[in-house]
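Undergrad: Chain by chain, the residues run as shown.
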Amino acid sequence: MAGVTLDTVRKIYSGNVEAVKGVSLGIEDGSFCVLVGPSGCGKSTLLRMIAGLETISDGEVKIGDRVVNQVEPADRDIAMVFQNYALYPHMSVYDNMAYGLKNRKTPKDEIETRVKEAARILAIEPFLDRKPRALSGGQRQRVAMGRAIVRKPQVFLFDEPLSNLDAKLRVQMRVEIKRLQKALGVTSIYVTHDQVEAMTLSDKLVVMSSGQIEQVGSPSEVYRRPETRFVATFIGSPPMNILPGKVEGPGRVSVGGQSIAVTDMRDGLTPGSAIEVGLRPEDVQAGGVGSSSLSMDVDFVEELGATQLFHGKVAGADFVVQASTGQIPADTRKLALAVDPANVHLFDPQTTKRLGRV
Amino acid sequence: MEKRAHFSGWTLPLLLIIPQMAITVIFFYLPASQAIWQSFLREDAFGLASEFVGFENYSAVFEQPEYYRAMITTVIFSTLVAFFSLAVALLFATQADKSLRGGHGFKTLLIWPYAVAPAIAGVLWMFMFHPTLGILGRPLNVMGFNWNPMLDGKDAMILLVLSATWKHVSYNFLFFLAGLQAIPKSVIEAGAIDGAGPLRRFWTIIFPLLSPTTFFLLVVTIVYVFFETFGIIDAVTGGGPAGQTTTLVYKVYADGRSGGDLGLSAAQSVVLMVIVIALTAVQFRYVERKVQY
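Residue numbers (my numbering), protein chains in the order written: chain A, 1 to 358; chain B, 1001 to 1293.
Just so you know, these hints were derived from the structure itself, not from any lab.
What you are looking at is a predicted structure, and each value in this text was computed from that prediction instead of being measured.
The C-beta atom is built at its ideal place from N, Cα and C for all residues, glycine as well.
Misleading hints may appear alongside valid ones.
Derived CB-CB ranges, DEER-like [claimed, not checked]: (1) B:Gly-1105 with A:Val-71: 27 to 37 Å; (2) B:Phe-1106 with A:Arg-130: 32 to 42 Å; (3) A:Tyr-13 with B:Phe-1106: 33 to 43 Å.
Per the computed footprint, the stretches of chain B lying under chain A, defined by three or more beta-carbons under 8 Å from a beta-carbon of chain A, are [to be verified]: (4) 1177-1189; (5) 1194-1202; (6) 1205-1214.
This is chain A alone, in the form it adopts within the complex (with noise of 0.2 Å):
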């Protein structure tokens, strides 16, 4: 098994467009990192430049100690997950799954160990001699599993493998996909657009926007101290409300007239210059008026079952607070909002940075 390492990494496509702009990643032995961003933003770009299905325009890209950059996917020892599963349609699972294997001339029998072994694993025994056609969505999910861990490769690679499965089977195939990368510990890279997919997997969470890294993390880490505006409300359901407001002095600022404490500022900020207040809907605590508060117009709730959500206002700008079913009366027009000092992150207006102590 290997790690990856991405030096400086570039993708230009034909007519100067830049798909990814100089990434550099190091992604550990056997640990499983996610690369996470919006549609456009380089992520799948980059998984297939790592799969050899790219050409790599600058850069290095290494596997264990190997640069591949010239070398063929199918010399570079890694398996790959699409996300329509791209099976072969005209083989059955177990042609499927040995194709691989019979490419490299692996021995009969051991070829029929290993598909035996990953079939029992991913309890797809009983489909081996059927078509991907008679499959359903989440069966020829498995299958494509199979087909990548027969091959027992140095690192797995999946470009949004659930997106076409419905939500119920995405949430159990999701926690399948983690079970066995734990159990198999091997380095596996994911490509997603969905945050919750990316928080539960990852052990290295990379969220990525328009051909660039933003954050590098623990997944916690990059939830607890988002590092630019983007990752703040990228990351988190419903995501982080970000409000305009003024530096005040060390460790204060205020919105909308109301000064709030925060823990995580940065010193030497001028006091009265433009800053911006990320609360996320969760952190915030509606009801108790402390020192740090804040007034919201509730526009209107939507029920989640378990939680509310209380849209409205604070300070001219659109907010959202999460509360406890019942916590909070849903006819409720106005709340104030308790503001915790540690649950405050700053961002700076024009470089979208965050503001926190260095």
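Mind docking chain B on chain A? Use the hints.
TA: Here is chain B on its own, set in the frame of chain A:
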């Protein structure tokens, strides 16, 4: 969802259906039934009298050694044309499917031969390979090949296969190209990751996935060779030399038109019709059972 138009009366639907029905009846059912009727008659050379002779024409057909020779010629001719027109078209289509610079022009140029009338195509090839006038035929003789399609049956067959193939490659090319473009790219990429080289990918993934297209084209091409190559044969060799390039359809024409034996000719065309119907039936059987995914 049922897609069905509702009409209140019979007039409009009838009016709408009549042109198509008329064409089918006038140009297919009438001549076909006339051929069947004629195949049981013997007519005198002036077309003044005819008598019912039952299956005599058919037994006459199957007693002719020339008929079996024409059958063998047809089998050889159709096998060669079918093989080459499919193989060449597939080769071109795989090349055109790669997004290359100038690919669009390449595709357009490949489609042109289909727009050339068979007789014109035949004349074109006949002149090119004419042993003394041809731009290609003359150099062949100069180089020491004894090339003369007017005297040598093999040479004549080669020339016919060339022109008939050239004419039909365009059609097959179009279908193959469409078939190739319908194969999901990720399946081929998965093959590449699974360690299959380009050639192995072609034979184990692309070619099997093209099988419905290939089978359809095989049958269409065979029907083409059976019937539509008449114009080319007539223009290039006229069935000669010494009847060595007379195929079944050309023999129908030769015996009926030139030989004046309408009954014999009609019997042959009925036999030919039966052969083609059988071929088509096989295709439908095959397509329904084997080709779906």
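Undergrad: Each hint should be assessed against the structure and marked as holding or not.
TA: Going down the list of hints, with the structure as the test:
{"no.": "1", "hint": "B:Gly-1105 with A:Val-71: 27 to 37 Å", "verdict": "holds, 34 Å"}
{"no.": "2", "hint": "B:Phe-1106 with A:Arg-130: 32 to 42 Å", "verdict": "holds, 40 Å"}
{"no.": "3", "hint": "A:Tyr-13 with B:Phe-1106: 33 to 43 Å", "verdict": "violated, 23 Å"}
{"no.": "4", "hint": "1177-1189", "verdict": "holds (count 4)"}
{"no.": "5", "hint": "1194-1202", "verdict": "holds (count 5)"}
{"no.": "6", "hint": "1205-1214", "verdict": "holds (count 4)"}
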